[in-house]
Structure formats: C-alpha cells, structure tokens
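Enquirer: Chains as they are written, first to last, in the working numbering: chain A, 1 to 370; chain B, 1 to 517.
It is worth saying that the hints were derived from the structure and are not from the lab. Since the structure is predicted, the reported quantities are computational estimates derived from the model, not experimental observations. Glycine is no exception: its CB is placed at the ideal position from the N, C-alpha and C atoms. Treat the hints with care, since some could be wrong.
[To be verified] With a Cα cut of at most 30 Å, we get these calculated DSS-like pairs of lysine-lysine:
1) B/K209 with B/K61
2) B/K209 with B/K457
3) A/K321 with A/K242
4) B/K432 with A/K242
5) B/K209 with B/K75
6) B/K379 with A/K293
7) A/K242 with B/K379
8) A/K196 with A/K321
9) B/K379 with B/K432
[Unchecked claim] Each pair of labels, with its calculated beta carbon distance range:
10) B/D321 with A/I142: 29 to 37 Å
11) B/D277 with A/L124: 31 to 39 Å
12) A/I142 with B/T73: 34 to 42 Å
13) B/G249 with A/V138: 54 to 62 Å
14) A/D240 with B/D328: 18 to 26 Å
15) B/G249 with A/A356: 16 to 24 Å
16) B/A117 with A/A325: 54 to 62 Å
17) A/I142 with B/P336: 23 to 31 Å
18) B/D88 with A/A25: 45 to 53 Å
19) B/D321 with A/L105: 27 to 35 Å
20) A/L124 with B/R385: 45 to 53 Å
The lines below spell out each chain.
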Amino acid sequence: MNRLKNSPLALTILAAVIALAFSAAVTSIVLSLSGFNPPSTFQAMIEFGLEPDSVVNIVNRASTYYLAAVAVAIGFRMGLFNIGVDGQYRLAAMLAAAVGGAVALPPVLHQAVIILVAMLVGALWAGIAGLLKVTRGVSEVIATIMLNFIATGIIAYLLQNGRLGTQVAGSDNIGTEPIASSGRVGGIPYPGADLKIFGLVLLAVAMGVAFHIVVERTRFGFDLRATGLSPSAAVASGVDAKRMVVVAMLLSGAAAGLIGMPQLLGSSYSYGLDFPSGLGFVGIGIALLGRNKPVGIVFAALLWSFLDQSSQILEFNEIPKEIVAITQAAVLLSVVVVYEVVRRLGLRWQQQAVAAELADRDPSPKEVAA
Amino acid sequence: MSTTERPSGTGAAAPPAFELRGITKRFPGVVANRDIDLTVTAGTVHAIVGENGAGKSTLMKILYGMQRADEGTIKVGGQEVVFHSPADAIARGIGMVHQHFMLADNLTVLENIVLGAERLHGIGAKARRRVEELAGRYGMRVDTGRLVEELGVGDRQRVEILKVLYRGARILILDEPTAVLVPQEVDELFANLRELRREGLTVLFISHKLDEVLAVADEITVIRRGTTVATGLDPAATTSRELARMMVGSELPVPELRESTVTDRPVLQLRGLTVRDGTGRAVVDGVSFTIHAGEILGIAGVEGNGQAELVEAIMGMRAPDAGTILLDGEDITGWPTRRRREQGIGFVPEDRHRHGLLLESPLWENRILGHQTRRPNVKGPWIDRAGARADTRRIVEAYDVRTPGIDVDAGALSGGNQQKLIVGREMSGEPKLLIAAHPTRGVDVGAQAAIWEHLRKARAEGLAVLLISADLDELIGMSDTLRVILRGRMVGEVDPADVTPERLGSAMTGAPLEGEQ
C-alpha cells in the first residue's frame with residue numbers, strides 16, 4: 001500500500017487494470033446474456049490474437065492508432081479538443097498520395113516529400129480551426145467537426161476521374177495515381193508470418209519519443225502543459241495564449257498528417273475509396289485511455305488494436321464481433337471514472353504526507369497522534 | 001438579555017445552544033482538533049478565535065455535519081446529536097454562512113434565498129412575503145427583486161444570512177464573516193448580529209480579528225493548535241493583547257517599516273492608465289502614480305474597485321485602453337507579459353490558485369512557472385531540471401515552506417505554504433518591481449511575519465513594491481505611500497504615519513478625505 005501511495009505510475013497501472021477487469025466483466029455479462037460462454041470466447045480471442053499474422057496486423061494497426069492518439073494528445077495536453085484529426089489525416093493522406101504519385105524522385109527524398117506534404121496539409125487544415133479560435137472565438141470543437149465534413153467533401157470532389165483520381169484496374173475503386181517503388185517503404189518480416197510489419201512503425205516510435213521530449217523537457221512543452229493545467233496561471237506566467245493555441249493546433253495537425261503514412265507507403269501506395277477512415281475518432285479514445293502520455297498511449301493503442309484483430313475470430317464462432325465494441329466502450333467509460341478516482345486519491349495521500357511532515361516538525365510532540 | 005451570563009452547563013433555565021465535550025478529530029498523521037470543550041449559551045454571540053491553521057475550520061465542519069468527530073459528544077439544545085451531513089445540521093436549526101459566498105450572480109435576491117428550499121414557501125409571492133418578514137424582523141434591508149450581481153459585498157452577505165434564516169436556522173455559524181468587509185460594513189454586520197441575538201438566536205462567530213471579536217462577542221473561546229486554550233472569556237475582562245498571546249503563544253507580529261529607504265529613482269510610472277470592461281465602462285480610470293526604488297506604494301480600496309484590472313494592466317495580462325506604463329523610464333505599455341517579467345517584474349497574484357500555481361504539478365515545476373525563460377530554470381530551449389530543482393530547494397529552505405519534498409504537488413500544501421513558495425519564487429532573480437496583491441492573505445502568523453520581513457529586506461535593497469491588501473493594518477504598516485482607489489480612480493493619498501484603519505475605511509467607501517486632514 002505504501003509503495004502504491006508513493007508511485008503515480010503504479011497507481012496508473014492499477015487504474016488501467018481495474019478498468020480492464022470491469023470491461024471484461026461487462027463483456028462476460030453481455031456474452032452470457034446472448035447465450036455464449038465467456039471463458040471459451042476470451043480464450044479463442046487470445047489464441048487468435050497471438051498468431052503471427054495477427055501480431056503483424058495488431059502492430060500495424062496500433063502504429064496508426066498511436067499516431068492518431070498522439071495527434072489528439074498534443075491538443076489535449078493544453079486543453080484543446082482537436083476533434084478534427086479524422087479530416088486532417090484523410091485530407092493529408094489523399095493530397096500526399098496524389099503528390100507522391102505525380103512526382104518522380106530518388107528514394108528517401110521521395111518518401112520525405114510525401115511525408116512532409118502530409119504533415120503540411122494536416123497542419124494547415126488544423127490551423128484553420130486554431131486561427132478561427134483566436135481571431136473569432138470559435139470553439140475548436142465545432143470548427144474541427146465542421147472541417148471534418150468539409151474535408152470529406154473535398155476528398156469526394158478531388159477523387160474523381162480527371163481530377164486527382166483514376167480508375168483502379170480491375171475494380172470499381174477510384175484512387176490516386178499509385179506511388180512508384182522509389183517512394184514506398186519496405187516492410188519488416190516477422191517470424192512465422194506471411195505479412196510484414198510496416199516500416200513506418202518506426203515513424204510512430206520516433207513520434208512518441210519526440211512527443212515525450214518536447215512536452216516534458218522543453219520550455220515550449222512546459223508552456224503547453226501549463227496552459228492545459230491552468231490557462232489563467234499560464235497567462236499570468238507570460239504564456240501567449242493565442243500563439244499557443246495556433247502552434248498547438250498546427251503541431252496536432254502535422255502529427256495527424258502522419259496517421260495515414262504507414263498504410264499509404266507500406267501497403268496501399270495510393271489513396272482510394274477503401275483507405276481506412278475513422279482513425280481520428282479512435283485516436284480520441286486511445287489518447288483518453290493512455291492518459292495523453294506517450295507510454296500510456298502505446299499500451300492503449302496495442303490493446304485497442306488487439307481487440308479489433310481478435311474480434312475477427314468471433315464471427316467464425318457465430319458470435320457478433322460488435323461485442324468487442326461493447327468491451328472497448330466499457331474500457332473507456334470505466335477508465336475515465338477510475339482515473340479520476342485515482343487522481344483524487346493521489347492528491348489526498350499527498351496532502352496527508354504533507355500534514356504528517358508538518359506534524360513531525362512540530363515542536364510540541366503532543367500534537368501528533370500515535 | 002443575559003449577555004454576560006457565564007456558561008455553567010448545569011442548572012441553566014435554557015439548555016446551552018451547543019455543548020461540545022472532548023471533540024477530537026484526527027487526520028492521518030495529525031490531530032486537527034483535540035479535546036475541544038465548548039459551551040455556547042443560547043441567545044448569545046459566541047466568538048471563536050484562533051490563527052490560520054489552528055483548527056477553526058475543522059471544528060466548524062464538525063458542527064455543520066460536513067465531517068464527523070472521531071471522539072467526543074455534541075449536544076444541541078441539550079440533546080446529543082450525531083450529524084451525518086449538513087442536512088442533519090440544518091434540520092436541527094443550524095445554519096452556516098461561508099466565508100466565500102455561494103450565490104448565483106444571475107439570479108435575484110429572492111431566487112437565491114429560495115433556491116434549494118422551494119418546498120418551504122414555494123417560489124412566488126408567499127416566499128417573498130416570508131423573506132421580507134424575516135428581513136424586517138432582523139433589521140436587514142434588502143431588495144428582493146434585485147440581481148445579486150448588482151449587490152455589494154455587504155449586501156451579498158446579508159443575502160447569505162437570510163438564506164440560512166429562511167431555512168429555519170436558530171443557530172448561525174459565521175466563518176470569518178468580516179474578511180471581505182470594510183470597517184463600515186463590519187459595523188452594519190455587527191448591528192445585524194445584535195438584532196439576531198435580541199430575537200433569541202445564537203451566533204457562532206469565527207474570526208482572527210481580535211478587535212472585532214471584542215466589539216461584538218458576549219463570550220470568547222480561543223483555539224490554538226487544535227485545542228481550546230480558553231473558553232467562556234468575558235470580552236469586558238480581556239484585551240486584544242491578551243487574546244493574541246493566547247492565540248499564538250507569543251506576541252502578534254506588527255506590520256511596520258523602520259527607516260525610509262525611498263530613493264528618487266522612479267521604477268514604475270503610470271500615466272493616465274485607463275482600462276475599460278466589456279461594456280465600455282472605465283474600471284481603471286486615468287490612474288497615474290510613480291513608485292521609486294525602495295518604496296512600497298500601498299493601494300487601499302474595497303475589493304472590486306479596479307485593483308484587479310490595474311494589476312492585470314501592469315502585468316500585461318490586459319491591454320489598457322489609454323495611458324502609458326513606464327518601467328525604469330522605458331515605455332512597456334505594448335510589451336507582452338513575458339517580456340515584462342523578464343525585465344524584472346515579480347508578481348504575487350491575488351488569487352494564487354487561479355494565477356499563481358499549477359496545483360497538479362510538483363513544487364519544482366511551479367518554481368519554473370512565470371520564470372520559464374530564465375536561469376536557473378532553463379538552458380536555451382530546454383528545461384533545466386537540475387537547476388530548477390536545486391533552486392526550489394533553496395526557496396523551500398529560505399522561505400520555510402513546510403513540505404516533505406519538492407516532488408509534492410502544489411495543491412497538497414496548505415495555503416500559507418503555497419503563498420510562501422510564490423513569494424520566494426517571485427523574489428528570486430532580483431526583481432526591480434514586485435506587484436504584491438494580498439501577499440499574506442490566509443497565511444499563519446509566523447509566515448506573515450516572515451513575508452513582511454522579506455519585503456522589508458528587498459525594499460532596503462531597492463525593490464519597488466505595489467502593495468494591494470484588504471488588511472488595513474498591513475497596508476498602513478507596510479506602505480511608504482498610501483493611495484485610495486474608488487471606482488477605478490485614485491481618489492486620495494493618505495499619510496500612513498497618521499491614518500487609522502477607521503479613517504482609511506471611510507476613505508475607501510468614498511467619504512471625503514481632504515476635509516478630515
């Protein structure tokens with residue numbers, strides 16, 4: 001108990017375990033009510049999830065989830081709700097794919113150009129919401145949600161024959177011009193798997209490291225966190241609130257621009273109608289689950305991805321895989337509650353530690369209870 | 001009226017309103033209250049005095065059912081009671097007026113009083129009649145139709161008291177009711193309290209202002225370090241010096257400046273500074289003054305007369321609509337807050353939770369706040385953890401911040417220790433100018449004396465200080481120059497050497513000052 005009191009990390013882990021246990025219980029109840037056997041269902045999911053091909057899929061999907069969650073977390077850490085990560089990454093991926101397919105460049109440079117275009121587009125799209133907020137006082141929540149719809153419309157307009165889209169041979173799909181092999185990123189083989197891990201999983205790792213260093217170790221990161229913890233205290237300390245909003249939105253958007261890259265450069269090579277969508281919203285949940293911390297988000301992204309992947313076995317057993325959506329929702333709901341409880345507990349324990357310290361220093365020992 | 005009747009606890013015609021025996025409340029590691037014995041005679045004003053942190057608030061929370069005592073018994077009107085929540089206390093006729101008002105600004109007086117007690121008399125004409133009847137009976141003038149946001153502090157307090165009376169309270173607990181009032185409002189409050197007593201109500205009055213306690217109480221109980229050191233004192237037979245000694249175990253520190261250190265080198269100059277609010281009204285209206293190196297300029301005024309806006313304008317948190325601000329002769333009117341801080345303006349904000357601290361961050365990160373571009377906190381764009389931590393330890397040491405370590409969240413410290421950390425932080429880096437808004441509010445006597453001493457020392461070394469305070473003794477004692485602000489205007493200058501708190505209080509409410517001098 002004492003070790004727990006003194007370690008915020010242990011508390012966080014405990015909170016996550018409690019949330020997981022709760023969601024497992026909820027899922028069990030739902031399974032039982034639907035006439036399935038919870039233990040054997042869980043066992044089947046875990047067995048399937050640990051197969052080599054599943055592991056590759058989990059890691060690949062987690063890398064995009066991770067990037068999405070970091071993009072969201074950058075905003076969250078300063079109290080900005082960038083709900084528009086979804087539109088930002090889709091628009092960024094499409095335009096980057098179009099540029100990548102249109103230019104002929106040597107390797108390395110080719111990939112770099114594609115990634116830069118994606119970051120730039122994401123940053124600009126998010127920056128619109130930032131500018132609206134500081135100049136017109138528009139809530140970034142509303143602005144980014146609206147920008148999601150506008151992004152969808154722009155993509156639908158551009159992704160047509162004769163504009164940026166071309167008919168994909170042998171299907172009804174319309175996509176951008178495929179990126180030449182000079183612009184692709186090779187995969188990393190995984191023992192026993194037919195599939196390969198996206199090379200750009202390393203991009204997600206680099207992103208996590210950069211996020212940690214910038215937020216925890218730099219002056220800018222301090223200003224960002226201070227603004228998130230107390231906007232009024234941050235302003236009094238000399239933080240330029242408006243500039244921070246714009247910069248944070250630009251960074252969040254640039255990170256969002258990366259979300260589609262592992263998929264685009266590692267497997268699709270073209271932005272088509274079948275490009276994964278909705279990752280931005282998943283990112284919000286994962287950022288919440290990972291407490292907006294670089295390491296926490298790793299676990300959250302892997303868990304989410306594992307649940308997604310392992311749910312595919314359910315259909316073989318004629319169990320609706322939507323059951324997993326219930327599990328995910330239960331995790332999120334309970335984690336919000338448990339984290340808050342843990343936060344308050346932590347503060348109370350600290351206050352007691354301070355009170356005890358004061359009592360110890362007190363010159364009259366009578367004050368102290370045994 | 002049996003105002004001087006000493007509580008005997010036995011044989012009295014009416015049982016005591018409150019009878020506490022051996023109340024003890026432990027928090028892990030400390031005892032907040034220990035063996036409190038207290039008898040409050042019905043129909044009296046009973047004052048409980050003690051310095052900040054002596055355990056008054058905990059005792060109040062126990063009496064009002066917000067916390068339960070670990071040991072001891074409480075009797076109300078002769079019957080032993082156990083309160084599980086404030087609702088139990090209210091059912092027993094106990095009401096509490098908190099130090100910080102709990103009113104909805106955008107509702108009328110009547111709506112505020114009725115809110116949450118709609119079952120008693122509805123929300124219409126019947127409720128209004130009842131409120132007016134109560135107000136009439138206890139001599140409290142209020143306009144039930146006005147919006148609370150239009151009311152002054154004294155009126156708001158009356159609304160709070162009426163709220164409690166409306167719910168049928170016969171015993172009123174007032175927690176530091178005079179902290180937010182000017183002397184004239186205090187007199188009005190005391191007249192109201194006497195009226196309540198005349199009608200047979202019992203008032204429990206918590207304070208650390210001894211003169212006030214002596215003026216209004218029938219009986220006084222002194223609390224020190226969580227226990228009653230004297231109870232049932234007769235105010236006629238004691239003095240504020242005696243009370244102070246009982247309260248702190250030693251003499252009270254006196255705010256005073258020794259020799260003048262004022263130089264002729266201006267540090268801060270304001271010229272016609274004007275700040276308007278959203279509606280275009282000037283909340284700071286053409287303010288001009290100069291603070292020299294080694295000078296403390298005190299600003300006296302009822303809260304809400306433009307002090308906050310003035311401070312924000314000087315700090316660059318709010319753009320002035322007219323006028324200029326000069327620091328060391330340089331025009332800084334257009335500078336952002338950060339640049340002003342870098343040029344040597346320290347800031348002890350009025351509301352330390354809103355403007356001074358990151359409550360959920362450790363102390364060493366709070367050391368960085370407001371100084372995040374300067375050594376020892378940063379090296380280039382990087383946070384210098386080692387430097388910031390070492391300097392936090394220095395502040396903790398030098399300013400006697402009571403904490404188990406510098407990794408504790410700021411929110412875990414007591415208010416006084418938070419304040420010492422802020423003062424220590426703002427005094428580091430050799431500031432030229434310190435904006436100190438209520439620098440000793442809510443801190444214990446020892447810390448108060450220490451903060452005053454630090455101010456005196458820095459002043460001797462040439463620091464210019466703008467001091468804003470609601471504690472008139474502090475203002476008079478610690479200022480070289482004292483000015484009065486009213487509705488955003490500087491309405492007069494008084495000599496701190498020969499002004500009394502009463503005269504200063506009159507000036508703050510707009511009574512003519514020049515005529516008196």
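Enquirer: Which hint numbers does the structure go against, in order from smallest to largest?
Expert: 3, 12, 16, 18, 19 and 20
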